[in-house]
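Visitor: Chain B: place on chain A using the hints.
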Amino acid sequence: MTTQAPDATVATGGLLSHLTGFVDALRGTGIPVGIGECIDTATVFNTVDVLRREDLREGLAAVCVKRPSYRLAFDTMFDLWWPLAVGDGTAIGSGDGEGGEGDPDNPELPTNADGEADIEAWRKMLADALLNGDTDLLRRIARNAVSALGKGAAGGGRESYYSYRVMRALSPDTLVSQLLAGLLKGADKGGMQEAVARQTIRDRLAEFRRLVDAEVRRRVAEDRGKDNVAKSTVRPMADQVDFLRAQSDDLAELRRTVHPLARRLASRLAARRRLGRSGRLDFRRTVRASLATGGIPINTYHKPRKQHKPELVVLCDVSGSVAGFSHFTLMLTSALREQFSKVRAFAFVDTTDEVTEFFTPGADLPTAVQRIGREANLVWFDGHSDYGHSFEAFEEKWPEAVGPKTSLLILGDARSNYRDPSLATLRTIVGRSRHAYWLNPEAQRMWGSGDSVADRYADVIDMQECRNAAQLAEFVHNILPGA
Amino acid sequence: MTTNSSAKASNAPVVPHRPHFSSVDEVLAKLGEQGYLADRATATTVYLADHLGKPLLVEGPAGVGKTELAKAINGAIDADIVRLQCYEGLDEARALYEWNYKKQLLRIQQGNATAAASGETWEDASDDIFGEEFLLSRPLLTAIRRTDPTVLLIDEIDKSDVEVEGLLLEILSDFQVTIPEMGTIHADRRPFVLLTSNATRELSEALKRRCLYLHLDYPGPERERDIIISRVPDVAPALAEQIVRTARALRAMELKKSPSIAETIDWAQTLLALGINTLDEEAVKTTLGVVLKHASDAAKAAGELKLN
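Chains as they are written, first to last, in UniProt numbering: chain A, 1 to 483; chain B, 1 to 308.
Treat the hints as calculated values from the structure; they're not laboratory data.
A hint or two may mislead.
When the alpha-carbon atoms are kept at most 25 angstroms apart in a straight line, the in silico BS3-like pairs for lysine-lysine are as follows [unchecked claim]:
1) B:K285 / A:K185
2) A:K185 / B:K257
3) B:K208 / B:K71
4) B:K285 / B:K306
5) B:K208 / B:K159
6) B:K256 / B:K300
7) B:K103 / B:K159
8) A:K342 / B:K256
9) B:K71 / B:K102
Derived contacts from chain B toward chain A, CB cut-off under 8 angstroms, selection only [what the hints assert, rightly or not]:
10) A41
11) T45
12) E98
13) Y101
14) K103
15) R107
16) G111
17) L169
18) H215
19) I229
20) A249
21) A252
22) E304
23) K306
24) L307
Computed footprint of chain B on chain A, listed as stretches where at least three residues anywhere in the stretch have a Cβ under 8 angstroms from a Cβ of chain B [stated by the list, open to error]:
25) 69–78
26) 392–402
Think of the CB as a built atom: it goes at the ideal place given N, C-alpha and C, for glycine as much as any other residue.
Pulled out of the complex, with its shape left as it was, chain B reads as follows:
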């Protein structure tokens, strides 16, 4: 098979990286405009990732706003988001690129028919079928090739098989993809790459070395209260405070699934919809299902909060 280098695949250096943010405070303000109340640590890390042009690995328990952070950055830099949702069994063909076999086959069959007439040889045909037209680009290649501002979100990387990490290394360090038949495709414009992980398995050192690292945990009580108030503006601050404190008590219980921020927001909305404005035993008992999703958790919480 001949290797066919397109003009794009020349060894041109990556276009200098242009940062989107000029200061940590600007990150805070812009994420705030998107409704994401970040703490200073998060903002600093985002700012650094933006400036160094490095991927950002965000790790932490489920429901602390890792994916939301990607969406907020996306909004803040006015980009489009390309999302790769990882799962067990994810492979190159789903993550990177794939050849459109059926179309290639059609091209060959049609070629056979006309070959006699036009004198087309196999070399011509084989050059042809490994061209742009037959390439199906999947999220990673798509993100590399986009020329508009892009946020590449690689979600739940810990759910994928170990091989996928190997696949990512070239993209994360050099922002390029090598396709054996076509050559190397460089990013014209570096996407803002965000990887999220729930830490269900240890990621490889090689992957971590290429990324900045942010460990996102449940926010402090004041910030969580502010988040609830910003998302559910009608909620009374006192009720938000009660929700946060109760949620923290629940999180301290070592449940199978601790209430996430999204769930405390849901809780606030539920209480509001039911017209409940103090969180007493009765209110918690009727609405516990909003925050706890396992029967054993609910039983344990009811016991420890002395609801019965």
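Okay, chain A solo, but in the shape it has when bound:
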């Protein structure tokens, strides 16, 4: 790559080593930054105005971050390595909190007679800022609120900053009805206006939370040094989040990553199927076309190859213990359902029912999941997972579902509540199928512990650990196309 020679600008050793330290830290969080990109980061310094911090951030991001899921980790690292410089407009970062350095744009944040924060006045200001969508004011409130309200004991006699303390003190969630009234300005409640206004409020609350989180990261970094924080504050990327342990926040994030993933997987499967579509030479067409070139067959034509249509049967545990996982796998099932002509989906808790019809192309996924819970006949005895009975029910009611052309995919944690695992039934089903795989959302070291019969099933069927979106992507990449 020949760009401007990175000559004098990066000769300053301190800056250069700072930069390589930053790149190393990025690599540490799992963002792959190549050598060429590392050189480019130096060129970024040469090119953008480094005093404009946001330009620097975006410039480095353009070079280092090649995937949206890396962005949060990058921003965290950037905030740690290039802490807020003075001179980007607002007087912040001095650490003395209460704002108001005689700046007319930065009004004194309210305190009561004792010099302590006046929560009610803060909440009022926050409500105004949320109502008007005033990002600048929100940012200022976030900064001051973190330094005034966010401090708490961190163990070992030290103090640290926490966003939950800020959120608890200001409890912006309780402002919703007030904001709603403000946004609706007397319009009728209950209609479309309210639905729209609620979304606007959700957006703005999320923005405020983001600002507070960023400020907390910054303050913590100031106190404890960036290396410490880098190790502890970076959350795992969405595709690394454990299905079984996903919090509601993570789930929303996971959904956002998984949705394109499922689509991507589906399109990859489709592409693999369509590849190599040219089959035997179509002699007749080739000769006819050669007439245009004096009998020389320049373009050859081929008959389309007969398509081998894979049939897929998905058996999915939808009991409470694997809720996060099963929601996700149903999502995948629906993506596959739209892609293949022959996918049959079965769900089970302690008995099995076919749920294929809920995934008609174009059907809405959350509705489908709700209907499965409501309409499908999944509970036979007490609503605790019973793999053995589920397999028996499956074998009894749909013996024709799995045949020599079928790939079977079982999704579940194999925790059967100490009931008969019915290995023989599974062995029969697997024996009849063309391929059979089991995806288990539990860590492999947990298999066989407690009521898990995973290790016994694993003797019968090819069982794989599938704890996060990344592992699933790998599985599909490696195995499904051969189905």
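Guide: Quick look at chain B alone, frame taken from chain A:
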């Protein structure tokens, strides 16, 4: 077959790259003149791509203005745009170059007739038929060979097969194309290369490494309102605000196809044409088809917005 190197194919280094923009603010202003309201992140990335002379990969959901960005840059640097629309099955012959077989065949046949008289040998003829005259250049080669300012737009790269990415690597890293029969053709003037992708599949690391990366998402409410107002100047700001907020509510619903910016602009135009100046239930109900393109989406939206 003999390898025939033309003068152009010498190993001359690429002519030093001349940036078009001198600052991020200039990028913002010039894109603004083209009617493209970029945020600072976009402008910074464009500025960097221009300065480093690197291709820019723009990824994001459909309808956030990726292709529009290419067009705006094209207008801002007063260039011509060469566009390669990717699709499944796109191959070298459609993307890079192709030999004009029919013309070559004619040349050989005509050669046969005169060969006896002029004493022309097969070597002469074969040198001849792999010359400039018989080369059909496709978008990538065209962009490399142009001497005027050029924007090369490689649109929807994720729709193409994986092999196409391999094809692009030489161009994206060295701005050159190697034609086995002729040699290597270097760019006289580096085109501004923009690749767009909807991220329906993961692009290869090799491709990403050669590009700067910009993830373009739906704009914030203020900016989207400004975009609508700049594109539909007659719309009242209050109505634009309502459109943006409703569109954001629709996007939060996980529809099959979220409303894009182009569609919110269409919506504003439709409402204007119908003489509607507040977006109430009735107005949304009659015009929902402008923004939602699936029956199931429309039903879902109607339910969640409580239109019935």
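Visitor: Could you run down the list of hints and mark each one as holding or not?
Guide: Cross-check of the supplied hints:
Of the supplied pair hints, the one linking B:K285 and A:K185 holds, its CA atoms being roughly 22 angstroms apart against a limit of 25 angstroms. Taking the CA atoms of A:K185 and B:K257, the gap is near 31 angstroms; set against the 25 angstroms cutoff, the hint is violated. At most 25 angstroms may separate the alpha-carbon atoms for a hinted pair to count; B:K208 and B:K71 meet this at roughly 22 angstroms. For the given pair, B:K285 sits about 10 angstroms from B:K306 by alpha-carbon distance, which is consistent with the 25 angstroms threshold.
Proposed proximity of B:K208 and B:K159 is supported: the alpha carbons are some 16 angstroms apart, at most 25 angstroms. For the proposed pair B:K256 and B:K300, the alpha carbon gap of about 10 angstroms is at most 25 angstroms, so the pair holds. A threshold of 25 angstroms between alpha carbons decides the hint, and for B:K103 with B:K159 the separation of about 32 angstroms lies outside it, so the pair is violated. With a C-alpha separation of about 22 angstroms, the suggested pair A:K342 and B:K256 falls inside the 25 angstroms cut-off, and the hint holds.
About 36 angstroms separates the Cα atoms of B:K71 and B:K102, which puts this hinted pair outside 25 angstroms; it is violated. For B:A41, the interface hint holds, since its Cβ comes within 8 angstroms of a Cβ in chain A; the closest pair sits about 4 angstroms apart. Interface restraint check: B:T45 against chain A, minimum CB-CB distance 4 angstroms, threshold 8 angstroms, status holds. Proximity of B:E98 to chain A is violated relative to the hint, the smallest CB-CB distance being about 12 angstroms (cut-off 8 angstroms).
Checking B:Y101 against chain A by beta carbon gives a least distance of about 5 angstroms; that is within 8 angstroms, so the hint holds. The interface hint given for B:K103 is violated, since its Cβ lies 11 angstroms from the closest Cβ of chain A, which is over the 8 angstroms cut-off. Against a cut-off of 8 angstroms between C-beta atoms, the interface hint on B:R107 is violated, since the closest Cβ of chain A lies about 13 angstroms away. Interface hint status for B:G111: violated, as the beta-carbon distance to the closest one in chain A is roughly 14 angstroms, over 8 angstroms.
Hint status for B:L169 relative to chain A: violated, with the closest Cβ pair at about 12 angstroms, above 8 angstroms. For B:H215, the suggested interface contact is upheld, since its CB lies about 5 angstroms from the closest CB of chain A, less than 8 angstroms. Using the Cβ-Cβ criterion of 8 angstroms, the hint placing B:I229 at the interface with chain A is not satisfied: the shortest such distance is roughly 16 angstroms. With a cut of 8 angstroms, the hint placing B:A249 at the interface with chain A holds, because the nearest CB-to-CB distance is about 4 angstroms.
With 8 angstroms as the threshold, the beta carbon of B:A252 comes within range of chain A, its nearest partner Cβ sitting at about 5 angstroms, so the hint holds. Look at B:E304: its Cβ gets to within about 6 angstroms of chain A, closer than 8 angstroms, so that hint holds up. Satisfaction of the interface hint for B:K306 is found here, the shortest Cβ-Cβ separation to chain A being roughly 6 angstroms, below the 8 angstroms cut-off. Hint on B:L307 holds. Least Cβ distance to chain A is approximately 6 angstroms, under the 8 angstroms limit.
Judged by the Cβ-Cβ criterion of 8 angstroms, the segment 69–78 of chain A is not covered by chain B as claimed, because only 1 of its residues qualify and three are needed. Residues of the segment 392–402 of chain A lying with their CB closer than 8 angstroms to a CB of chain B number 0, which falls below the three-residue condition for coverage.
The earlier numbered hints that this structure contradicts are 2, 7, 9, 12, 14, 15, 16, 17, 19, 25, 26.
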